[in-house]
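Chains as they are written, first to last, in our numbering: chain A, 1 to 415; chain B, 1 to 245.
Just so you know, these hints were derived from the structure itself, not from any lab. For every residue, glycine included, the Cβ atom is placed at its ideal position computed from N, Cα and C. Among the hints, a few may not be true.
A partial selection of chain A residues facing chain B, derived with a Cβ cut-off under 8 Å [unchecked claim]:
#1 3
#2 138
#3 140
#4 279
#5 283
#6 285
#7 318
#8 324
#9 325
#10 331
#11 377
#12 408
#13 413
With the C-beta cut set under 7 Å, the calculated list includes, among others, these residues of chain B facing chain A [said to hold, decoys possible]:
#14 22
#15 25
#16 33
#17 87
#18 226
Label pairs and their in silico Cβ distance ranges [said to hold, decoys possible]:
#19 B:112 x A:306: 52 to 60 Å
#20 B:83 x A:405: 19 to 27 Å
#21 B:112 x A:243: 55 to 63 Å
#22 A:370 x B:96: 35 to 43 Å
#23 A:405 x B:68: 22 to 30 Å
#24 B:115 x A:405: 27 to 35 Å
#25 A:306 x B:97: 39 to 47 Å
#26 A:283 x B:114: 54 to 62 Å
#27 A:306 x B:41: 23 to 31 Å
#28 B:131 x A:378: 52 to 60 Å
#29 B:224 x A:306: 39 to 47 Å
#30 B:18 x A:291: 19 to 27 Å
#31 B:13 x A:405: 14 to 22 Å
#32 A:405 x B:11: 33 to 41 Å
These are the residues of each chain, in order.
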Amino acid sequence: MIGESFKIALRALWANKLRTCLTMLGILIGVGAVIALLAIGQGATASVSERFSFLGTNVIYIRPGSQNTGGISAGGGSAPTLVYDDAELIAEPGAAPAVAAVAPVRQTFGQVVLQGANTLTRIVGTTPSWTDVRSFRVVRGEFFDNEAVEAVAAVAVIGDGVARNLFADEDPIGQTVRVNAGGQSVNIRIIGVLEKKGGTGFQNQDDQIVVPISLVLRKLQAARNATGAQQLSEIDVKAVDDKSIDAAVEQVTQIMTQAHKGAQDFQVVNLQDQIDAQKEASKTLTILLGAIAGISLVVGGIGIMNIMIVSVTERTREIGIRKAVGARRKDILMQFMMEAVVVSLLGGLLGVVSGVGMSEFAEGKQLNGQAITTVVEPSSIILAFTISAAIGLFFGIYPASRAARLNPIEALRYE
Amino acid sequence: MIELTGITKTYQMGDIEVHALQGVDLTIEDGEFVAIMGPSGSGKSTLMNMIGCLDVPTSGSYQLDGIEVAGMSDDALTIIRNRKLGFVFQSFNLLPRLSALEQVEVPLVYQQAPNRKARAKAALTRVGLGERTHHKPTELSGGQQQRVAIARALVTEPSLILADEPTGALDSRSTTEIIALFEELNAAGITVVFVTHEPEVAAHTKRQVHIRDGRVVVDTLRGINIQPSEEDQTTWRPRRDEATP
């Protein structure tokens, strides 16, 4: 009987081609909009994750507190309160069980000179655990080891961008560059190249050279550390896993508070929190976009209902004839439901195609100076398709049951 | 067998109650050929719809082959219409857009019967339209359309065929052909009951039942003849020899 209802429905729809197409268009636009707008929203969520991924996962940062001079804050990170010993305390075995790795960082900017070529770049002084904390791989050569840190070895691992700028196609490994920073000048041998990570502006993770922290503290920045304290720019801490980030924050804060004798002259920044907040924001955006598109889908559904009511009225006599020769209520119900569902599913199918097409089209287009990324999730296709089928059923059931309940005599008399 | 006892039907038309049938008793045996006559508004079409299970009585009993039909549900009546009866309408009531063959198939579709095409084709051949199976209603003459409708009534092999003024919309030649077809079907053992205005058409039957104001006033088989009005006498000329076998 379903097969027969399907045939009858197709026939009726074919007989009113224009009407069918226009009704379908309503659903097509609705489903297309849902898919395209969800794709843009989910693209935004995905780009948030991507944008932060180079900073490593499960990472928290400890920064110096803000410096207050006569009540005027110089901003976070300005106070010279973070020292190398803080990092050692956190890294001490058993001190902070939720912490997997600790990397003290002292960074500065300097000029890297190779014969005629030179580039201004960020110089990161740290320890070997930095690669672990920041999830950096060395693609050529190797990273320096702890002996190099202790020996204040003049070695460096350079970012992909620096390698390109200075060496182009040449192999940088084993080459010596001159680094000018903080009024000092040091010859440094390159022993490795980091993987390419991307990022933009001053966050460009490929535009940096990484050296033993001792080299920065004792040679390049020696003059600025007149007090003898080994001040750090930040301490990067990696939690054991994503579930222990909060525990790590707590343990680190406790150790730091104790070490600093209660002074809150540092900040613990949970990057994951910020990523999550941004993701949350873009998810909200996705839901909002989806809801707006959903409204057009509902409007399309009302279009179906409207047309079905007209169709039932128009075909009252046909319904009467069918009932007279043996169509039960459920046969008539099925016939009209089938019509509604076929229209909405076909419209939904075309809507999926056009939605995916629109997403492809929007991909990479500029909006407010930002490139749009789109991600068409299979789940949003399934969602849109299910919703269109449900709309067919929901908006078809009233007209169809009206048809099914018609009295055959009255239906036959209908002119 | 049709057994109507004390059938009444009251319609509500606005504030007015219309008593279409006011106590009809009528029994029709298997294999009979009956014409139901009467002026417009007499209730004959209502009676026909009642016999055809398209309408339900307000009160009274209707037994079709010993089964009480009055008070049955919509769907139960539909199944009876589909299995036991064939109904032919004055305005043919064919479905638009379907070919003759598809029209005839419709009752079988709802029965989910096998061999639908072959059975529909056989029914069309029986009414003399074996060659026009692919024509749409708009491509057929009135007489041919009514034949398609009769084929549709026949295809389920019902024991009873009901027709509401089947020749009302036809020219005299088609009328003769359709009546001949009904006579043929009756000769094959099918009970045929039809409503007509035309005495010449009614004259072909073995029994005439005359309805007036919702009551049976003349039944040639039972010898009922209650106050026949002048109009009845002038418009109704039964052939006595056939009416009382």
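Hint by hint, which ones does this structure get wrong, listed from lowest number up? 1, 2, 3, 4, 5, 6, 11, 13, 14, 15, 16, 18, 19, 22, 25, 27, 29, 30 and 32
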